[in-house]
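**Student:** Listed below are the residues making up each chain.
2 protein chains.
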Amino acid sequence: MARLSSHDVRERLLEAGVRTFSKAGFNGCSVQDITDAAGVPKGSFYNHFESKEALGAAALQHYWTDGACDQLKILTRLDMSPRERLRTYFEEATAEMAQIGFTCGCLVGNMAAELSDHSPIIAIQLSAIFLGWSGQVAECIRAAQAAGEIESNADPDQLAAFVLNAWEGAVLRARIEKADRPLRQFIQTLFTILLR
Amino acid sequence: MARLSSHDVRERLLEAGVRTFSKAGFNGCSVQDITDAAGVPKGSFYNHFESKEALGAAALQHYWTDGACDQLKILTRLDMSPRERLRTYFEEATAEMAQIGFTCGCLVGNMAAELSDHSPIIAIQLSAIFLGWSGQVAECIRAAQAAGEIESNADPDQLAAFVLNAWEGAVLRARIEKADRPLRQFIQTLFTILLR
Numbered sequence: 000m001a002r003l004s005s006h007d008v009r010e011r012l013l014e015a016g017v018r019t020f021s022k023a024g025f026n027g028c029s030v031q032d033i034t035d036a037a038g039v040p041k042g043s044f045y046n047h048f049e050s051k052e053a054l055g056a057a058a059l060q061h062y063w064t065d066g067a068c069d070q071l072k073i074l075t076r077l078d079m080s081p082r083e084r085l086r087t088y089f090e091e092a093t094a095e096m097a098q099i100g101f102t103c104g105c106l107v108g109n110m111a112a113e114l115s116d117h118s119p120i121i122a123i124q125l126s127a128i129f130l131g132w133s134g135q136v137a138e139c140i141r142a143a144q145a146a147g148e149i150e151s152n153a154d155p156d157q158l159a160a161f162v163l164n165a166w167e168g169a170v171l172r173a174r175i176e177k178a179d180r181p182l183r184q185f186i187q188t189l190f191t192i193l194l195r
Numbered sequence: 000m001a002r003l004s005s006h007d008v009r010e011r012l013l014e015a016g017v018r019t020f021s022k023a024g025f026n027g028c029s030v031q032d033i034t035d036a037a038g039v040p041k042g043s044f045y046n047h048f049e050s051k052e053a054l055g056a057a058a059l060q061h062y063w064t065d066g067a068c069d070q071l072k073i074l075t076r077l078d079m080s081p082r083e084r085l086r087t088y089f090e091e092a093t094a095e096m097a098q099i100g101f102t103c104g105c106l107v108g109n110m111a112a113e114l115s116d117h118s119p120i121i122a123i124q125l126s127a128i129f130l131g132w133s134g135q136v137a138e139c140i141r142a143a144q145a146a147g148e149i150e151s152n153a154d155p156d157q158l159a160a161f162v163l164n165a166w167e168g169a170v171l172r173a174r175i176e177k178a179d180r181p182l183r184q185f186i187q188t189l190f191t192i193l194l195r
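Same order as they appear, the protein sequences are chains C and A.
Under numbering that gives the first Met the number 0, think of the first position of the first sequence as 0, with each following residue one higher.
Under numbering that gives the first Met the number 0, think of the first position of the second sequence as 0, with each following residue one higher.
Hints were generated in silico from the structure; no laboratory data involved.
Treat the hints with care, since some could be wrong.
Each pair may be met inside one copy or between any two copies, as identical chains are not told apart.
[As the list claims (entries may be wrong)] The list that follows gives simulated cross-link-like pairs (lysine-lysine, DSS-like), each with its CA atoms no further than 25 Å apart:
#1 K41 with K177
#2 K41 with K22
#3 K51 with K22
#4 K177 with K51
#5 K177 with K72
#6 K51 with K72
#7 K41 with K51
#8 K41 with K72
Predicted, not measured: the structure shown is a model, and the values here were computed from it.
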């Protein structure tokens, strides 16, 4: 195996962090588990991160900008109307959860449940992610209202926050049931009642 | 100190389990942490529970029937209309979260995030709790519809599931922000849009 550059080691640690935290939970894994998953020597960890918590915050950021944000691009696609974009966004997210057998869930929600009382640096990261996520969904709702696709003229920011809260809850229930029923039900309620 | 009966030891372990799992997370504490919090010898643990997981399932049940269910009684009070009961229920739950400084959150949501992929016995317990909880909220929504207090004639079970999902999400956000804003916003959106 070719010698890894420092940049490559960091990338591997970030990716292994996302996978391992998603599967085992933050407190359910050790630094050793993460370096094993990354295929790098344990000693190299502390050249890149001060602590498991510091990797936690960086992995969360990596998960968001490299994975979840890709899916968010659906919300700005121009080949669909705003309401269609919203529906496609949640349908794609449902399909992705089905693909991984309704395990792992959303790293944002998981870290919020596990760490928001214990890690200020992770809580700040989570806050920023929710704000950005909510803002993008609100923008799409606003566009759908302007296009006359949604009856409700309620505040889009307020609607977006409620919708994403309900999505996080539905993801939890899908993981418990190991089935897409709670996610399908979320989508149906969203488009027949809240955003009809 | 008087010698504790076997029943008392079990009760102490259940209560210490609820407190410790709520504060530190399931994977963030050891059996020793729980017996210390309960003030009982570590050796007594395995007379009562086969494993930390078995205590987890029993503590969840205890949390639900002894604490959370008390609050659910609001939903059947006869001195308020059904819609008022729903509002009071979420307002009381908000006040309770404020009292504990928006820490800990809901043990049901936390265990779902942390354990639904790893513990079938806890997943089954969580499923039963959600079903019962959702059923009681649905009953109240149905009564409010029958009393003409809610415009929407949407399926009460579907509405209840959506509302509780959004509540779980709002609790997560309140813990991140350490403020009641997400819970107040949840209540406002619920009663001005979904259940208006």
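**Student:** Could you run down the list of hints and mark each one as holding or not?
**Tutor:** Now for the hints, and whether the structure bears them out:
Taking the closest pair of Cα atoms, K41 and K177 never come within 25 Å of each other, the shortest separation being 34 Å inside a single copy and 35 Å across copies. Proximity of K41 and K22 under a CA criterion of 25 Å is satisfied intra-copy only: 20 Å inside one chain copy versus 30 Å between copies. Taking the shortest Cα distances, K51 and K22 sit within 25 Å of each other both inside one copy (16 Å) and across copies (19 Å). In this assembly of identical chains, K177 and K51 lie within 25 Å of each other by CA distance solely across copies; the values are 23 Å between and 29 Å within a copy.
Taking the shortest Cα distances, K177 and K72 never come within 25 Å of each other, neither inside one copy (27 Å) nor across copies (30 Å). Taking CA atoms no more than 25 Å apart as the test, K51 paired with K72 passes in neither setting, with 30 Å inside one copy and 43 Å between copies. In this assembly of identical chains, K41 and K51 lie within 25 Å of each other by CA distance solely inside one copy; the values are 12 Å within and 29 Å between copies. Proximity of K41 and K72 under a CA criterion of 25 Å is satisfied in neither setting, with 36 Å inside one chain copy and 53 Å between copies.
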